[in-house]
Amino acid sequence: MSIVIKQATLLDLPEIMKLETASFANDAWPEETFRSELGANHTFYILALEGDELVGYAGLSKLPGSDQADIQTIAVREDKRGLGIGRLLMNSLTQQATDLDAKEIFLEVRADNSIAQKLYKLFGFKQIGTRKKYYQPDGVDAFIMKTDLKLKKNKEPIVLGIETSCDETGVGIVRGNTLLANIISSSMDKHAIFGGVVPEIAARAHLEALTPVLDEALEKANLTLDDIDAIAVTNGPGLAGALMVGVGAAKALSVATGKPIYAVNHLVGHVGADILDRGELQTPTIALLVSGGHTSLLLVRDLLNDVELLGETIDDAAGEAFDKVARVLGLSYPGGPEIDRVAKEGNPAAIRFPRGLTLPKDMEKHRYDFSFSGLKTAVARHVELAESKNEEISIADVAASFREAVVDVLIKKAVSACEDFGVPRLLLGGGVVANARLREVAKEHCEANGIELRIPPFSLCTDNGAMIAIVGSQLIMAGRAPSTLDFSAESTLPVTTVQS
Amino acid sequence: MKTSAASTRMGGYSLAIDTSAGTTVAVLSMGTVLAELNYLEPMTHSERIGSAIQKVLNDAGLKPNQIDTVVAGVGPGPFTGLRVGLAAARYFAIGSGADLVSVCSLDSIALDFYQANPTAKNLVVTTDARRKEVFWASYSGVVNGIPQRTHGPSVNKEQDIGSFIDLASHESTELGVRAGALGQIAFAQGLSAQGANKDITPIYLREPDAVPSKGKKVSG
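Chains as they are written, first to last, in our numbering: chain A, 1 to 500; chain B, 1001 to 1220.
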């Protein structure tokens, strides 16, 4: 599904009326009313189109000289509801209201339409009154709702982002789409002897790093907390105990400074990182996020409104597989860079390790999912078998062949997602992007298939606060209301929840 | 306007935060509690902490920048929850420009106990440390508003505490941690010769639960 929002004209009236009468059983507007609405110069009507088909519309009224705007109507075709089309329409209307210098938007909604009310609340609307029996002939009350556009006047908000979802404590600062500071303190060294991230060690390190990382970020950006317009914080997915450190800190900072707070999805942050690199995110894009904690393939049609999880690992994350195989080969932690180093001298075709979830029967159910657990076991068996026979193995060949198997599956599935969905872009993110072979193979396959490859600089690919801040600034610029103070840290937050 | 660091110890407003058990926050003026909030459930710290701080400030009629000192309960307590309050205390202090001091969370239980039982002598305070152990400390009384710790804080099996202190001569209590009491202790410590405790390191008492991996065979 690909939805285009465009401005409505009088020519669209017949199609609009079809949807109007189907959507509003007893209180549809007569055609004449709609004609004068469309023709008026103080109104702004938009359509949501899927291909040539009208699937929704919405309208805003804003009289010149007034600083109030009204949402006149919004409708989404019945079979297309719940897909985010309403959000796209609302997004466009609130942006238009902001551009027209409105300070507040009003609307009326049927008291019995809780789905619409939920949508409006997402955009900061609050009920301010009731009109008794407003909708006739049904005799249903109307709720009057209002949202303030104060923050939205800020075209380039300065946002401080806090990230503590795994083993990196990050504080970043952005102004609009511009990166001002990105400070990261990693506890990676402390996990080395354990061969993987120990959640309790990571959480302890976050608490210690909070203050120095914040101080350094403010210094780097040459700002004080007074200059900050809003705070953004990762509330998931990630390690629960680690997330809670950032969430607790961010909430207290919000209360202490009176700045609004935005709870942001970590994975969406990885996608947003591209904005930091080139000032915008081109959509639609497929995003492949590969780290020690995640292996996710996303279809991003719109960063704030339409991020879809196509697939993810069903067992180990790719970075985790690198760590575990490094241990089997007697290499140190983290495994990715070590395997990359050793593999340089090896033959990637020496051993044919299994490619997880690529057999036809698996592809039916797990077309975009990944599995690295079997691969890791295959490497261990290979090494142990050789040891039991007292045979010499080439660590370089094993490392190169293992790396090839991982990279092969990752890139092939990502590229086939690009083809399946007709998306000409692939964005890479996550710490495993540091892997030289992954970048090389991605480049080859993308070039061969006419796909544009985006790889932000490594400091923006690993977990960091700036990518959280940039999602925060996008939310503000799109007119989203801040999160309320009682959101929780959610270790399994779905990628469809961009803001909690 | 802020008063200088030296005079904040003598008075002003403080915000006390503790998440070593439930979530408890309080606002005090010169060691007197103006507002306090106690959530007893042990799991909702990160959800509660922001609005809890907001609420006690509202209840006390204060703005964040009127707070001169943040008092952090540094435990001991289950780590994940404990850290939420400590993270909040650190960033609230930075955001409001307040000083940051600490008090052992168990001391607040002792203060409340002696205030309710002025004639009591020795006290042992225990809280749940999970894994069939308890965090504990023992006290001999309160001097100038400061509970006098004789042992601990430590973590042990409850039945082993008797090997450190004479349990027969110690009373025990069911009271819990209270931020208002923490704030009172910090105020009293600020008046003492030693001053308030500036060390805000959490009292973990246990190392992280991880052992270096030896690697195991996968083929049998």
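To be clear, the hints were calculated from the coordinates, so they are not data collected in a lab.
Glycine residues also receive a C-beta, built at the ideal position from the N, C-alpha and C atoms.
Please note that a few of the clues may not be correct.
Claimed, not checked - Short, incomplete list of chain B residues facing chain A, as computed with Cβ under 7 angstroms:
#, residue
1, Gln1054
2, Asn1058
3, Gly1061
4, Pro1078
5, Arg1090
6, Ser1096
7, Asp1099
A quick look at each hint next to the structure:
no. : hint    : in the structure
1   : Gln1054 : holds, 5 angstroms
2   : Asn1058 : violated, 10 angstroms
3   : Gly1061 : violated, 15 angstroms
4   : Pro1078 : violated, 10 angstroms
5   : Arg1090 : holds, 6 angstroms
6   : Ser1096 : holds, 4 angstroms
7   : Asp1099 : violated, 13 angstroms
Going down the numbered hints, you'll see the structure goes against 2, 3, 4, 7, while the others check out.
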